[in-house]
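Colleague: Below are the chains, spelled out letter by letter.
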Amino acid sequence: MSLESLGWQGLVVLVVFGISLLIATYCTYAERVIAAFLQDRVGPDRAGPWGLAQPLADAVKLFTKEEFFPSGANKALFIFGPCLAMITALMSSAVIPFGSFLKFGETVVHLQGIEINVGMLYVFGIVSLGVYGIMIGGWASNNKFSLLGAIRAASQSISYELAMGLSLIAVLMMSGSLSLRDITLQQSVPGEWHFWNIVKQPLGFLIFIVCAFAETNRTPFDLPECETELVGGYHTEYSSMKMGLYLFAEYVNVFVASAVMSVIYFGGFNFPFQYELREWLSASRGFSADAAQNVVAILGVVAVFAKIFSFIFFFMWVRWTLPRFRYDQLMRLGWTILIPLAIFNILLTGGLITAGVIPEIKQWW
Amino acid sequence: MSLFLFLAFVALLSALGVVLAKNPVHSVLFLILTFFTLSAHYLMLNAQFLAAVNIIVYAGAIMVLFLFVIMFLNLNEDTEPHKPALAKIAATIAGGSLLLIMVAALHKVQPTGYNADTFDSQVGMVDRLGLVLFKQYSLPFELASILLLAAMVGSVMLGKRETGERNF
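In order, the protein sequences belong to chains A and B.
Note that our numbering has the first sequence beginning at 1, numbered continuously upward.
Note that our numbering has the second sequence beginning at 1, numbered continuously upward.
Read the hints as simulated data drawn from the structure, not as lab findings.
Where hints are given, some of them may not hold.
To be verified - The list that follows gives simulated cross-link-like pairs (lysine-lysine, DSS-like), each with its CA atoms no further than 30 Å apart: (1) B:Lys22 <-> A:Lys75; (2) A:Lys200 <-> B:Lys135; (3) A:Lys144 <-> B:Lys22.
This is chain A alone, in the form it adopts within the complex:
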């Protein structure tokens, strides 16, 4: 890789980082607006036009609140907890392909932080680390309710990781690659009808999205912070921006989970007739090959973000629609329903591949 394209790639990493934070910020606003919409209220509309400056006002409020350390707390770990939650949340968006590539003469810029051939395992590994922020913060607070929240988070995340991993294995059996870019490109083959993975893996997607709700601690699985039982769960003792970091980390996690679902199951940056559009632009509109590719790539970025935003909306829609599970129901769902279903899904996928119903993927790029 030349120094110039390395510089471009660094810029892409910075942009991805900024976008993750920006989306997390506006998720707080979106959550309140959507909650208001679903409950037939007005929602935040005072700060700026349509209340759009509300996240800024919230940030100012959080920064100016008193920093509080509970007595008997482990001070170092008490600070370390929210930082870790934020770091692990932000790390996973690095491997997600947000677009194909831009081409300026010789320079090719891939719209992805880093391309590694174990991208899916990387995301999975980082997601499994996300629980440490909650556990450490909850334990260091020296509070029974926080500790209960931390312990709930730990057992919940371990239980649902299993089903999540098993549902991904079925996708891997079809794709034959762990790279998220390969998985995206395989979902759309130029010149022929090709379906997104959701059509081939409906059961796997259902398992994955349930596990994604559990891994991001969103209602109906937000038992670690369940306010009716545990006051505030793991962040009971947190105030000021440390509290804010926990809240932000949750929204960054929602964003990343939505991005992963769009990429793995909903074709990522592919959209219908993209290759035809590129042909048409360069053949009858007088675009150069590079310009046509760039236009299609930018439309691809728009497509992937449209998919991500629909998933974020779905996360919020579910939150304000479904009541919370009881803890034993959560565990029973994970261990006795989702894991056997995921194993069945693997067997089913294997059978369909052997029978030739799911076609062999060819590496066309």
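Model the placement of chain B on the given structure of chain A, informed by the hints.
Modeller: Leaving out everything else, chain B in the frame of chain A:
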């Protein structure tokens, strides 16, 4: 080389931290850091799959369980049982002799060079690893996967509610 030295330094320091930390939770966190440095070493050896799996299995799952148990038991300096002096002396002698044997066995080891023409840098990549596992070692691989599946089914069975059991 400097990256290796830095990683090795952090690995040794955090491994020492595991043993020397007074608080068991700190020990667990140092152990997680150790696993991360080990994964970084795997990455430098171009074994990306091993690095990712090391993080997922050890740092992501097993250490969460460790932390879980330690938080539940609430271990700290006050509740730690004081071991008799004899046990401490015996442990020191045993550990010291292990160190002596290892140093004696390994101090003359020379790293063998590799042939740059025949060296295969892709050997740790996930597709190569898969080919080796499924072609050369397919029987042990399948047996291990059956063992793991049996363990998983067993845990589901244990967690399953029997008929007539109390619904707390």
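Colleague: Are the hints correct? Go through all of them and say.
Modeller: Each hint tested on the structure:
Note on Lys22 of chain B and Lys75 of chain A: the hinted pairing holds, with a Cα-Cα distance of about 16 Å set against a maximum of 30 Å. Restraint check for Lys200 of chain A and Lys135 of chain B: the C-alpha separation of about 28 Å stays at or below 30 Å, so the hint holds. Using a Cα cut-off of 30 Å, the hinted pair Lys144 of chain A and Lys22 of chain B holds, with the two alpha carbons roughly 22 Å apart.
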